[in-house]
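Trainee: Position one of the sequence shown corresponds to residue 319 (my numbering), numbered consecutively onward.
The set of hints was computed from the structure by calculation and includes no laboratory data.
The C-beta atom is built at its ideal place from N, Cα and C for all residues, glycine as well.
Be aware that one or more of the hints could be misleading.
What the hints assert, rightly or not - Okay, the calculated beta carbon distance ranges per label pair:
#1 G577 with G351: 14 to 22 Å
#2 P417 with V340: 28 to 36 Å
#3 G577 with E344: 38 to 46 Å
#4 G577 with R437: 20 to 28 Å
#5 H545 with H432: 36 to 44 Å
#6 R419 with R571: 28 to 36 Å
#7 K436 with V340: 25 to 33 Å
#8 S368 with A495: 31 to 39 Å
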Amino acid sequence: MPSNPHPSPSQLALDNVSASYVEGGETLVALTGISFEIADGEFVALIGPSGSGKSTLLDIVSGLFPETGGTVRIGGTPQPVEARLGQSAYMRQRDLLLPWRTALGNAALALEVHGVPKREAIHRAAERFPAFGLAGFENAWPGQLSGGMRQRVAFLRTMLADRPLLLLDEPFGALDALNRVAMQAWLLELWEAERHSVLLVTHDIDEAIFLADRVIVLSSRPGAIVHVESIFLDRPRRRSVLAGDTFFRHRSRLAEALGILDDSMAIAGGDR
Numbered sequence: 319m320p321s322n323p324h325p326s327p328s329q330l331a332l333d334n335v336s337a338s339y340v341e342g343g344e345t346l347v348a349l350t351g352i353s354f355e356i357a358d359g360e361f362v363a364l365i366g367p368s369g370s371g372k373s374t375l376l377d378i379v380s381g382l383f384p385e386t387g388g389t390v391r392i393g394g395t396p397q398p399v400e401a402r403l404g405q406s407a408y409m410r411q412r413d414l415l416l417p418w419r420t421a422l423g424n425a426a427l428a429l430e431v432h433g434v435p436k437r438e439a440i441h442r443a444a445e446r447f448p449a450f451g452l453a454g455f456e457n458a459w460p461g462q463l464s465g466g467m468r469q470r471v472a473f474l475r476t477m478l479a480d481r482p483l484l485l486l487d488e489p490f491g492a493l494d495a496l497n498r499v500a501m502q503a504w505l506l507e508l509w510e511a512e513r514h515s516v517l518l519v520t521h522d523i524d525e526a527i528f529l530a531d532r533v534i535v536l537s538s539r540p541g542a543i544v545h546v547e548s549i550f551l552d553r554p555r556r557r558s559v560l561a562g563d564t565f566f567r568h569r570s571r572l573a574e575a576l577g578i579l580d581d582s583m584a585i586a587g588g589d590r
């Protein structure tokens, strides 16, 4: 079935959002005039140069950082920064697993912090280990897990928070190329089954096209939207689409929007 670039209704809406912060006594504008929506069940990727404000934008949506201006709506309702805390599930690039908890204990933590008794949290987390490719690793310590397995645990913890909106900040950025490709396919399969709304930050054009319904391109700081690419690739999506003409047309337009002149089709990572 073809990807639907504009499903409805809206799960997240940003209207003319801007943000600034103080660094070295100087006020720096991180984002300006950001407006877009993410529909229920839509997968949107955010891409842009280092310092364009991608991570800052996720922090704003999650309630960890206040916007300077504009409005953020979640589920159709305007939400001030303090009210947005806990409204979404946020997975950062680093897995942030606690070394003194097993894989199962780390996953269950998402339920425990929301008041679920520990025994029930462990049971509910354990039930989902097979679906996340983690069966048999329940009692492994984080230090015994590969990078890909750690990311699976971290993603399960994020999913167990049971929020309709997922914020993913370069979740596979620390993985090698082979593991990254495998995890992209795994994430897409999981998303096809669960259909949460997703806002993904990535520096990888191919990853953005392969995963998303739409790709939003930010400019250099102050970050502003310079291009929105609706992705017209069939779902369920397979790796074979990366060899098709449609994929290469999307890739070319995004590369042009980003001002990429070499053949790497990726952008150097960076903070904020």
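Trainee: None of the hints should be skipped; say for each whether it holds.
Mentor: Status of each hint after checking the structure:
1. G577 with G351: 14 to 22 Å: 19 Å Cβ-Cβ, so the 14 to 22 Å window holds.
2. P417 with V340: 28 to 36 Å: holds (34 Å)
3. G577 with E344: 38 to 46 Å: Cβ of G577 to Cβ of E344: about 26 Å, so the range 38 to 46 Å is violated.
4. G577 with R437: 20 to 28 Å: Taking Cβ atoms as reference, G577 and R437 lie about 54 Å apart, which means the hint is violated.
5. H545 with H432: 36 to 44 Å: Given a distance of about 38 Å, which is inside 36 to 44 Å, the answer is holds.
6. R419 with R571: 28 to 36 Å: The hinted range 28 to 36 Å is violated for R419 and R571, with Cβ atoms some 44 Å apart.
7. K436 with V340: 25 to 33 Å: violated (41 Å)
8. S368 with A495: 31 to 39 Å: The hinted range 31 to 39 Å is violated for S368 and A495, with Cβ atoms some 20 Å apart.
Violated hints, in rising order: 3, 4, 6, 7, 8; the structure is consistent with all others.
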